[in-house]
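Residue numbers (numbering that gives the first Met the number 0), protein chains in the order written: chain A, 0 to 89; chain B, 0 to 89; chain C, 0 to 89; chain D, 0 to 89.
Keep in mind that a hint or two might mislead.
As the list claims (entries may be wrong) - Partial list, derived from the structure: chain A residues whose beta carbon lies under 8 Å from chain C:
no. : residue
1   : Asn13
2   : Leu56
3   : Gly73
4   : Asp75
5   : Ile77
6   : Leu80
7   : Val86
Said to hold, decoys possible - DSBU-like cross-link-like pairs, simulated, lysine-lysine; straight-line CA separation at most 35 Å:
no. : chain 1 : residue 1 : chain 2 : residue 2
8   : A       : Lys7      : C       : Lys50
9   : B       : Lys26     : B       : Lys89
10  : B       : Lys12     : C       : Lys89
No wet-lab data here; the hints were simulated from the structure. It should be emphasised that the depicted structure is a prediction, and the values quoted were computed from it without experimental measurement. Idealized CB from N, CA, C, for every residue including glycine.
Number of protein chains: 4
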Amino acid sequence: MHQSERDKETLIKNLRKIEGQIRGVQKMIEDDRYCIDILVQLAAIKSASHKIGLKLLESHTRGCVTTAIRDGGGDDHIAELMDVMRVFTK
Amino acid sequence: MHQSERDKETLIKNLRKIEGQIRGVQKMIEDDRYCIDILVQLAAIKSASHKIGLKLLESHTRGCVTTAIRDGGGDDHIAELMDVMRVFTK
Amino acid sequence: MHQSERDKETLIKNLRKIEGQIRGVQKMIEDDRYCIDILVQLAAIKSASHKIGLKLLESHTRGCVTTAIRDGGGDDHIAELMDVMRVFTK
Amino acid sequence: MHQSERDKETLIKNLRKIEGQIRGVQKMIEDDRYCIDILVQLAAIKSASHKIGLKLLESHTRGCVTTAIRDGGGDDHIAELMDVMRVFTK
Numbered sequence: 000m001h002q003s004e005r006d007k008e009t010l011i012k013n014l015r016k017i018e019g020q021i022r023g024v025q026k027m028i029e030d031d032r033y034c035i036d037i038l039v040q041l042a043a044i045k046s047a048s049h050k051i052g053l054k055l056l057e058s059h060t061r062g063c064v065t066t067a068i069r070d071g072g073g074d075d076h077i078a079e080l081m082d083v084m085r086v087f088t089k
Numbered sequence: 000m001h002q003s004e005r006d007k008e009t010l011i012k013n014l015r016k017i018e019g020q021i022r023g024v025q026k027m028i029e030d031d032r033y034c035i036d037i038l039v040q041l042a043a044i045k046s047a048s049h050k051i052g053l054k055l056l057e058s059h060t061r062g063c064v065t066t067a068i069r070d071g072g073g074d075d076h077i078a079e080l081m082d083v084m085r086v087f088t089k
Numbered sequence: 000m001h002q003s004e005r006d007k008e009t010l011i012k013n014l015r016k017i018e019g020q021i022r023g024v025q026k027m028i029e030d031d032r033y034c035i036d037i038l039v040q041l042a043a044i045k046s047a048s049h050k051i052g053l054k055l056l057e058s059h060t061r062g063c064v065t066t067a068i069r070d071g072g073g074d075d076h077i078a079e080l081m082d083v084m085r086v087f088t089k
Numbered sequence: 000m001h002q003s004e005r006d007k008e009t010l011i012k013n014l015r016k017i018e019g020q021i022r023g024v025q026k027m028i029e030d031d032r033y034c035i036d037i038l039v040q041l042a043a044i045k046s047a048s049h050k051i052g053l054k055l056l057e058s059h060t061r062g063c064v065t066t067a068i069r070d071g072g073g074d075d076h077i078a079e080l081m082d083v084m085r086v087f088t089k
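In isolation and in its complexed conformation, chain A is listed as follows:
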């Protein structure tokens, strides 16, 4: 079960934005910008990565997990979902 083309475009657009933010932070460090301002940018990057992860979790649950459950199974998929949530929310 894959992302729809539209979802994929949105995800990639958001990832490109994060890529730009990461490059922005590199420049801030090169330019000796004030630490606090850099930290605020890093917090924004973490938060944006988290939001993308939640989006993926949602489409994965709606897709793979739902299909597996409808096919009479799903136990393994739910176990896997919980494992990744443990890693992702650490």
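Add chains B, C and D to chain A, keeping to what the hints say.
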């Protein structure tokens, strides 16, 4: 108070690594890779951004904050440090 | 869909343990114990609360969400699951 | 360097509130309340514990760490502060 040249190099090296990971995630989405694998990558990106933030917090505290306290002040710097920690640990 | 009696007992046992830890922190503050030691205890409380939440999320997904999907629906349950994950992982 | 009596009272009051929330969650589980409602409560407990931790971090930085820096040292205190932040923000 700035980062030392050596610290700056390490920070930028680590940020370039994250930039590469972000591009890797874009490619994984384009290639319809399995969501769980993408989520593990996103968790790694969040964790790496967090570590860079902690490094910056440390050098900022050792630098700016310490200097301000030694100069007989520091109250504003500590307030600002706590504000950024609130944002950063959200 | 409810927790099994056994799961409920485990959850309540773990919550009682956290309750004891919270009282321990109160005593540490009354006794002017070293801040760092108190913070380590608070980190343990946060981590234990998080683990209980993940356990509940898992049994909820295996229970309510799976049942709803098997009954041909589940969309609302998945939306609700994602909403609570947004709150829970903030 | 200890908390002021007033700060201690506020901290203990907030911890008692969390203790009450933990007992509330136990009752919700005994009463088979809806998982999502319990998870919202657990998220509130985590968030309240986090806020208490930030308060303690702030008074510790204003107290112990500032005193140590004014006395011409502080390196060990900053290292310890960063260690606890690593644990606390995990």
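### Enumerated hints in conflict with the structure, sorted upward
1, 4 and 7
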